[in-house]
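**Q** Turn these sequences into a full structure, and let the hints guide you.
The listed protein sequences correspond, in order, to chains A and B.
Numbering of the first sequence is given in the working numbering, commencing with residue 1401 and proceeding in unit increments.
Numbering of the second sequence is given in the working numbering, commencing with residue 1401 and proceeding in unit increments.
Source of the hints: derived by calculation from the structure; they are not laboratory data.
Some clues are possibly wrong.
For chains that are exact copies, the list does not tell them apart, and a pair is met inside one copy or across any two.
Below, a list of computed lysine-lysine pairs in the DSSO-like style, where the Cα atoms sit at most 30 Å apart [as the list claims (entries may be wrong)]:
{"id": "1", "residue 1": "Lys1577", "residue 2": "Lys1846"}
{"id": "2", "residue 1": "Lys1758", "residue 2": "Lys1583"}
{"id": "3", "residue 1": "Lys1408", "residue 2": "Lys1419"}
{"id": "4", "residue 1": "Lys1583", "residue 2": "Lys1843"}
{"id": "5", "residue 1": "Lys1634", "residue 2": "Lys1529"}
2 protein chains.
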Amino acid sequence: MFGVLKRKPLDKLMEVLGKGKVNTSLVERRLYSYDATPIPIQRALPSAVIFPESHEDVVKLVSVCYEEGIPMFPRGAGSGLTGGAVPTVEKGVVVSFERMNHFDVNVDNATAEVQPGVITAQFQEYVEKLGLFYPPDPSSFKYSTLGGNIAENAGGPRCLKYGVTREYVLGLSAVIKDGLSIKTGNPVIKDVAGYDITKLLVGSEGTLGLITSATLKLIPKPRARATVLALFDKLEDVGKAVTKIFTSGVFPSALEFMDADAIKAVEDYKPVGLPKVEALLLIEVDGSHQSVQEDIRIIEELLRPMGVEIRTAKNREEEEKLWSARKSLGPALGNLKSGKINEDIVIPRIYLSEAIPKFREVAQRYNLLMVIFGHIGDGNLHVNFLYDKANREEEERAERAVDEVFELALRYNGSITGEHGVGLTKRKFLRWQFGDAGYELLKGIKLLFDPKNLFNPGKVLED
Amino acid sequence: MFGVLKRKPLDKLMEVLGKGKVNTSLVERRLYSYDATPIPIQRALPSAVIFPESHEDVVKLVSVCYEEGIPMFPRGAGSGLTGGAVPTVEKGVVVSFERMNHFDVNVDNATAEVQPGVITAQFQEYVEKLGLFYPPDPSSFKYSTLGGNIAENAGGPRCLKYGVTREYVLGLSAVIKDGLSIKTGNPVIKDVAGYDITKLLVGSEGTLGLITSATLKLIPKPRARATVLALFDKLEDVGKAVTKIFTSGVFPSALEFMDADAIKAVEDYKPVGLPKVEALLLIEVDGSHQSVQEDIRIIEELLRPMGVEIRTAKNREEEEKLWSARKSLGPALGNLKSGKINEDIVIPRIYLSEAIPKFREVAQRYNLLMVIFGHIGDGNLHVNFLYDKANREEEERAERAVDEVFELALRYNGSITGEHGVGLTKRKFLRWQFGDAGYELLKGIKLLFDPKNLFNPGKVLED
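**A** This is the structure in structure tokens:
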């Protein structure tokens, strides 16, 4: 569809942006042609890597690209897992927002203006020192950017209670087709004027335009936090426990789930003293100092009569020990096999105890090691297939197994992705999830913002 | 643009839907040609009032209307304040969802499937008995419908902490152009597959299609609630107090503001013992039994040193007394003048003490009584101009004053509407708020869902 980019358009980009913002060295082009996607995907060396420094730079960039028909592949930190930031055609340019990394917090308004290249963790640390809180916590938060988080509508454990990234984006500045600037929303929480273009751009994975700044909502930072570990002998009791907690008035800030194989993997790797059980839940609550104690007591009273073993933490050290099981999962899985496909399907949590055995059947049929963990409160399960990276045949089996997992998720009224986005790797399932009429609407929206298909072409929607 | 509807298409509607669902009596047509909008608006007698009873009925209805070019004006309870539910052309039909009033709560999944005609308060009472909570609380909640709330993206005091209606809509079924059915979202909290059509339909005021059911998110019901009343001698201290509270870790579930004129109106009407002060805040907190006490104590410690008088409630009765000031505002204003334009602009709360005197200037210039109250935490101010209904000249003055208030709101980086929607009455300001490029996107989205402009034509966007 796209050829190789000619010299002339590149010269034009250098002319309007300045040479220092357009890098055409082979090293840089190669560096910026990857992201964190674990499986082989379509990938091309871009013609250049562009480093805009302002909204005006982005306007100039998009204007030239729209005139010359140059595909643009926006990039935050490249920590995405579905190929969202990867250039797929040689004619394209990668647009890296790393130099647009300023932010400005307005404490009195509890909002912040942020550029897309701000590192999420740095922003969070800053606002927390001011007594404020920006909850979205994708596991990549230490290096991922707010721009990438917004493009992917990033989630994380805390989103059960606090909502996903979309709910914290009050407004956006963006550049769409022909270099047109749009400004959506305002630094206010309530705004019902017109259709919500802001929320439409959040999660659009860079396919509708380039976001140049965002107005984020901040909330009061909870004063205290506490965790309990609950150990289950029966998978079906997990769902019952969650219902009991939810209907008791306790709103956990995280409900992290690990299945028997995940627990085993951790204990084999670095024992933390977990017994052989079917599943565990790490239950975190936050709020005032007194309310977290009250919540923990209520959780214990609810779950102990079910025969669930509860472990509580008396201090910060013991709490970290409780979380160590969850935190050592990554290295534990890496220890088992060199390759891992970590999918992020979502199923209504009522189907959990029915669906997990079906996922296990899939793993058995494809003769694969599988480990499940995830954010049980919102039904977001990370189904991990492990394989040997050197064994292409095993890798292909894992890819086929993942397809069946997607199909199961959709059959259970769920979604193919709760956090990672569609990108390149899940495109073929999107039409199934949306139906023909819905899919045509997605294509219509894309056409409206990007009639030449130059913003991250080939992502989300199939060409 | 539209003429009167011929007999033939009406017969066709009766044929496909059944006579009992198509009412053409003059009485009914007249009854359904109004909503709660307080100012004179364009209004027409519809050709018929349609009462669909199922998604299939709506598909049939939209198919015929799309074939025959019949405008459809969807209606919940008609409690809207901007003309959203009002038919504007005689050729049109009103689509009343009052017979689609079933709902089904899934406690284990903390979600509900609801039809558009369900009364909000009835739904809320039901889920609260199950220990769950549906927070959106527009002041019309006792009679407004969930369908209307979704169409308008309804807010309310509690939305400061809990978010607006949009954040509770996980999925929708709707019928768009040509009678096409679409299903968006799923009964899960996290879903990042494709563009968010669900959130686009929420707040679209019936202009993109007809919503036939929704999947709503429910959360744990807080176990306790408490209120304090704070009395301010200086307007600028209100903003300072809100910042102090927000950065202390206390997240109020409501922060209701009343200005000096609002307080005076209440005291003149039915004295509740409020002193002459510049402003008051009703601060509500919720959570666990212990945390609400802790929160109240913190608020007192923060505000007392500022010279702010704090009144707390020791029991349920005293608490209701605190709220009585806010609750008797409506009748108090009705007592002053027969007519009231209650606008719902939003301005970032940092500009509050600067903007309120400017609003007062406007009222003085037009020689009007004005009272301001609202949800200060989210900057949503209800600016009320009072006038004599029999005095058309005074009414016109009030309408012109409102225009200036909208202009001020936009100048302060705010919005023309935080809760009531655009409808008919605020259309002319929408382009200003969105800019030309943004406004063209709105029109493009409308065209995509409704190429014949038959869903609530003339609302939100100007023809």
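**Q** Next, verify each hint and record whether it holds.
**A** Verification of the hints:
When the C-alpha separation of Lys1577 and Lys1846 is checked against a cutoff of 30 Å, the pair qualifies both within a copy, at 10 Å, and between copies, at 18 Å. Taking identical chains as interchangeable, the C-alpha atoms of Lys1758 and Lys1583 lie at most 30 Å apart only when they sit on different chains, with a minimum of 26 Å there against 46 Å within one chain. In this homomeric assembly, Lys1408 and Lys1419 come within 30 Å of each other (Cα to Cα) only inside a single copy, at 14 Å, whereas the closest approach across copies is 69 Å. In this assembly of identical chains, the alpha carbons of Lys1583 and Lys1843 lie at most 30 Å apart whether taken from the same copy (22 Å) or from different copies (16 Å).
When the C-alpha separation of Lys1634 and Lys1529 is checked against a cutoff of 30 Å, the pair qualifies only between copies, where the shortest distance is 29 Å, while the shortest distance within a copy is 42 Å.
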